Amino acid sequence: MIGRRLLLGLAVSLATYAAPSAAQFVPREAMIPAEQAARQLAPDRAAPTSAEQDQIATLESQVGIDRACNTTWQPALEAPRRALLQLYERTYGPDHPATARPLLSLLCHFAYNGKTPEGRAENEQIIARLIAIGRKRAQPATLFAALTAQAGLRREQAKPDAAIADATEALALARRHFADYPAIVASSAGALAATFEAAGRPVDAEPLRQEAVTLIQTMPDVNRLALVDVYEALGNNLTAQLRAKDAASWFSRELDIFEAILSTANANDLSNIILYSQRLYGADPPRVEALYRAVLARQEADPASSDKRNWMTLWNLAKSTSLERGWKNNVFRSDLSEAIAYQRRVIAAMGPGQGNSFELELASLLQQRRDTAAEAETIYRRALAGDPDNPALIENLGNTLQILDRFDDALPIRRHAVEIAKARFGPSHRETLRLAQNLGVALWIQRRPSEARPYYEDVLAGYRAELSAIPEGANADYRRSLSDFISLKASDLLKLYWTDRANPAQGGDAASRAAGFAVAQLAHPSVSSAAISETAARTLAERARKGDLFGAWVAARDRVVSLDAAIGGAAQRGAGGDADRGRLLEERAAAGKMLAETTIRLQDQMPDIFATLRPEPVALDEVTGSGGKPALLREDEALILLYPGMPDARGEMSRGIAFAVTRAGSAWTEIPIDGADLAQIVVDLHGQLSDRQNSGATERAPGEDLFDYLHYDRSAAYRVHQALFGDPAVAALLKDKGRWIIVPEGPLLALNFAALVSRPPAGGAAGDIDPAMLRATAWLGLERAIVVLPSVDALRTARRGRAMAWGPGKFYGVGDPAFRGIADPAPKASPDRIAVDSAARSATANILMAPRQSLYRGGVADPAMLAKLPRLDHSAAEIRTMAQLLGAPPDRQLLQLDATQARIERSSRDGTLGDSNIVLFATHALLGGSFDGTLAEPALALTPGARTGGEPANARNDGLLTASEVAELRFNAALVILSACDTAAGTRGGDGFSGLTRAFLLAGARAVLATYSPVNDEVGERMTTTAVARLKDKHGDIAAALREAMREIAADPSRDARGQSLAHPAAWAVYVAIDPS
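FYI, the numbering for the sequence shown is 1047 to 2123, going by my numbering.
Please keep in mind that the hints were generated in silico from the structure rather than gathered at the bench. All values derive from a computational prediction rather than experimental measurement. Be careful, since some hints might not be right.
What the hints assert, rightly or not - Computed Cβ-Cβ distance ranges for the label pairs, DEER-style:
{"#": "1", "residue 1": "Gly-1957", "residue 2": "Ala-1811", "range": "26 to 34 angstroms"}
{"#": "2", "residue 1": "Ala-1167", "residue 2": "Asn-1269", "range": "30 to 38 angstroms"}
{"#": "3", "residue 1": "Pro-1140", "residue 2": "Ser-1298", "range": "51 to 59 angstroms"}
{"#": "4", "residue 1": "Pro-1517", "residue 2": "Arg-1470", "range": "48 to 56 angstroms"}
{"#": "5", "residue 1": "Gln-1108", "residue 2": "Arg-1629", "range": "46 to 54 angstroms"}
{"#": "6", "residue 1": "Arg-1629", "residue 2": "Thr-1214", "range": "20 to 28 angstroms"}
{"#": "7", "residue 1": "Ala-1336", "residue 2": "Ala-1208", "range": "39 to 47 angstroms"}
{"#": "8", "residue 1": "Glu-1384", "residue 2": "Asn-1269", "range": "50 to 58 angstroms"}
Said to hold, decoys possible - SDA-like, lysine to any residue: derived pairs with alpha carbons at most 20 angstroms apart:
{"#": "9", "residue 1": "Lys-1468", "residue 2": "Glu-1518"}
{"#": "10", "residue 1": "Lys-1592", "residue 2": "Glu-1518"}
{"#": "11", "residue 1": "Lys-1639", "residue 2": "Ala-1515"}
{"#": "12", "residue 1": "Lys-2080", "residue 2": "Gly-2105"}
{"#": "13", "residue 1": "Lys-1592", "residue 2": "Asp-1650"}
Cβ atoms here follow ideal geometry from the backbone N, Cα and C, with glycine treated the same way.
Please model the complete structure; the sequences and the hints are all you need to start from.
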């Protein structure tokens, strides 16, 4: 606000960029009473005579001491200000409280004019005198103003700790002594927020920005431009936290105010719009540009209009139009000509600007075009002559030289800019990282990867340092967005390691491979992996008898996350949500305090707990066991890490990287399919197995018309296999390993690895539906025991923890729910049943898959919709067969009316789930998404609880066990089998596995057997019971047991003649083992 008011007071002055201390803008009406009271105190020397009082009055009138500082900044007032100070010192005394009045007046002068070393030194001396008067003479208003000024000074001097201490004390004084002046408290809160932000702590600043907004909003007859200031400051803070959606709502409200003022604006209003919106041009470029054009049209309609009067509008238009390229109103803006023209008009009217500021704005436009870059070079060199160590100027000159194809001239300049930024800001400051990133990109473009490599490494390390420094109480979107940004930087660096892999100066292929393996683990952060890490942390806490403390921390964290989401939602509603937002902010403050306190206790009592929650990447030698570390892998295992590339890119950057690791060594290779093409093949293959009505059909008799059949493309499956695993070095490592642990990332999480083909398939397209050809196909899932994990760290966590003691008798099963809420009749025996009939299949598809249908009403599952779900006739038999196999009693089998959420939660509370080795859910899985505008989580369908008046009793027993409710259950090293459709694959792009699978991992499941595609009811029963029966023979290895079950089913010819051959992968390649143990 201060800088903007200054600009208005100066009109067309060139002092545009002065940033005077906020202390100078404490409203004079708030300070005057304290100053008048101070003059009533007994003087330290002699009281001023009548003549001296007249002289004081004259000088105070001359310097405008009771007016706002930004209207009395003129250098010519320095002499009378000094004379006034001498009078006070001679009469009241140099340390008297009354002398603070002329000291503050002189401080106003230095805020605008004291830019020399001598001026800065005297300015600091004045502040020190004011602080001494405030403390020693008990003058809180003086102390407040002085501390605020000193905080700003310390901020400029890059002394963040001292600045924060001063600003914190100043805010406490403001709240105590200026409670009747909400604008002062808001300004002081903003000053402390700015200090936190300058120290790289936007999270600590956000509550202060929110407080300032609330204070200004509650002022009677508030000036709308005061709202603009606090809205923008909050928006900028949220932007610094990478929370663009939250920030956009505040920038939009700011623009709403400007557009409302514009409709009835006079000349002064137009100036205010331009003045207060000058930093808004990047928030919503089309809307801001339209605003500026409307203002300029109004201004130029004035007969007295001139570019000198309208310079700020032209200046803002130059900035906004530079961001708006491409098609607009059927006109393609392909260059910067219009922006350059506006900026030239500013310079013609105003000159080069203070510190060549207007010229530098012009240069930033000129440097982007080859035909004008030479002019930009001249401007930058002229500016650097007076400011030779400005890293941004140096960077801009280097960039300009590169545009002019003078890269060898640009390189030392840009290196110098990075080194200056490191010394001035620190290695992890965002400006330092920006310069390093730009230099690294320039070097890579020039095909100098070995020189680019250290800059990319510095950038990744810098942003990871910021991530690790985010407080636990921060908005979760900040951590998530920064993590996503880091994944992009990691992807770049991984490709750079691959490009530079043969460089002996960097250690050759082995060193690049090891570095790339670590970086690849950062390229796609996994929500599922985070769930496993949280389960591991909970287990550690429980073993240390700190389970209650960890649970309290999780509850406090989740409460903060919930409130942050609600606050964001209230802000999106604009003024209509302000009351709710204010209430929620109060709750958030209390919840944040609770989280901070719980975090401190948890860190004190378990210092390593957060390292478990947010682990570092696993080193390659830790997997192989080299370097004296015990291997994570067993002798018959191979770990395969698959980085999918950048599907949105093309060519070199698009292609992914595959790592293969065994105890014998490691290899890596580039995946020879562009990322977008690979992602599309995965989607196509998944769809060929997932179509509920057409997948899995095979020929009934030789020679029949096969045109309408949905084929599973074995040739495409073979192509993907070869792209991922066919490189000679990779294949050699994998050849003799029977157990493959695959860690796919991004789109590859939806790939059904069991249904890949390891040798060229015979029979062409006709063979895709021929039972004999299908059985002759080399299916990967029938050759290898395949485990799929969300991260390499999941393997480390499991292998470094306790092994599960598997044994019979500890089974818990839920199946055959009564979806109508009343008991179903006994299912009819149907030994020849192949699949759900077409009508039931269609009903299932409509209810389970289509977002058109609403499953919720008033936040509770809609019983009418649940009642439409088709019964799973074989699920009861599946539960009973499993229970008989494992010797489990009836009370561990929840069927029909017993299959409720309430019963499951009771079993969690009493420990029944916790002591179960195997837990089976045989029911429908409902996919998450938006149902009629209602955000719905994925869920398992159960029997709805008892109803009152036709409605379910409550959301905790409504017939839908949602992912968030699953996460609240407690398992203990259990194998959870989800014998339901599509419980494995997550969303395209790959947050990880589905929300249901993640929830079970978070709830403590040791392993999950989930599904990639729809499960045939009867085949599902057979698959799960056969796999569990094989567990003992396979020493508890669910992946090996699953392979045996798949082999048995695929070899069964009993359904061949029906056109539903079990040789088709849609029948047997349904389940995936997620088992890091």
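Hint-by-hint comparison with the structure:
no.	hint	in the structure
1	Gly-1957 / Ala-1811: 26 to 34 angstroms	violated, 55 angstroms
2	Ala-1167 / Asn-1269: 30 to 38 angstroms	holds, 37 angstroms
3	Pro-1140 / Ser-1298: 51 to 59 angstroms	holds, 52 angstroms
4	Pro-1517 / Arg-1470: 48 to 56 angstroms	violated, 25 angstroms
5	Gln-1108 / Arg-1629: 46 to 54 angstroms	holds, 51 angstroms
6	Arg-1629 / Thr-1214: 20 to 28 angstroms	holds, 26 angstroms
7	Ala-1336 / Ala-1208: 39 to 47 angstroms	holds, 44 angstroms
8	Glu-1384 / Asn-1269: 50 to 58 angstroms	violated, 34 angstroms
9	Lys-1468 / Glu-1518	violated, 27 angstroms
10	Lys-1592 / Glu-1518	holds, 19 angstroms
11	Lys-1639 / Ala-1515	holds, 18 angstroms
12	Lys-2080 / Gly-2105	violated, 33 angstroms
13	Lys-1592 / Asp-1650	holds, 12 angstroms
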